[in-house]
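Please model the entire structure based on the sequences and the hints provided.
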Amino acid sequence: MEIPAVDTNLQLLISIAVFAAAMTGTPGPNNIMLTASGANFGFTRTLPHLLGVSLGVASLIGTVAGGLGVLFETFPALQQGLRLLASGYLLYLAWRIGTAPPPARRSLQPGETTARPMRFHEALLFQYVNPKAWAMAITAVGSFTAAGEGYWGSAGLIVAIFMLVGFPLTSGWAAFGVLLGQILSSPNSWRWFNRCMGVLTATCLAFIW
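By the numbering used here, the letter at position 166 of the sequence shown is numbered 166, and the numbering carries on one by one without gaps.
If you're looking for bench data, these hints aren't it; they were derived computationally from the structure.
We put the CB at the ideal spot given by N, CA and C, even for glycine.
Among the hints, a few may not be true.
To be verified - Here are the simulated distance ranges between beta carbons:
| hint | residue 1 | residue 2 | range |
| --- | --- | --- | --- |
| 1 | 195 | 11 | 40 to 50 Å |
| 2 | 156 | 185 | 27 to 37 Å |
| 3 | 199 | 21 | 19 to 29 Å |
| 4 | 188 | 164 | 21 to 31 Å |
Laid out in structure tokens, this is it:
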């Protein structure tokens, strides 16, 4: 008995949505940094970071679908170089989060600058050195794209689903950070929170190596 096309398409949509939820909703560099940003800067100021993550992942999936992901298989040294670059940048971000001053602090020491959330373009470009983002992009394109004439349509569908599913889930991490920020009451508790988030960001090196 032939399976109706509508059922097959529905199963594909559900499969992509579940995969997108598992990849974008679980702990990783993006969600840990969004939690820290929500706590320190609030949800509104974290929105450019959120949008950068969402559009960055979408553009990366499109880039992989266009064939760039094949370069990793052809030239393994490129992947090793990406890992080294990502490790250095992730440690820099961990240091920046861990040493961030409490939000209520107004007087800065000589040489210090005010902390700020990640900008849109920074969050977008970070996806291109984020191995977890590469892994889910390559897996999504390799697992869910159709062969032949349906290839680009299915690739576009993956991009759309990742944006529709991923943005609310990553927003939840930022909102959770806002909630934590309302609980933290003293400068000392803020310092310990930022240090813990910095350490958690650094532990994301496990995703790389």
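The hints, checked one at a time:
A C-beta distance of roughly 45 Å is found between residue 195 and residue 11, which places it inside the suggested range of 40 to 50 Å. Distance hint for residue 156 and residue 185: a CB-CB separation of about 47 Å, inconsistent with the stated range 27 to 37 Å. Checked against the given bound of 19 to 29 Å, the beta carbons of residue 199 and residue 21, roughly 26 Å apart, stay inside it. Here the CB-CB span from residue 188 to residue 164 is close to 41 Å, at odds with the stated 21 to 31 Å.
Violation of the numbered hints given earlier is confined to hints 2, 4; the remaining hints are satisfied by the structure.
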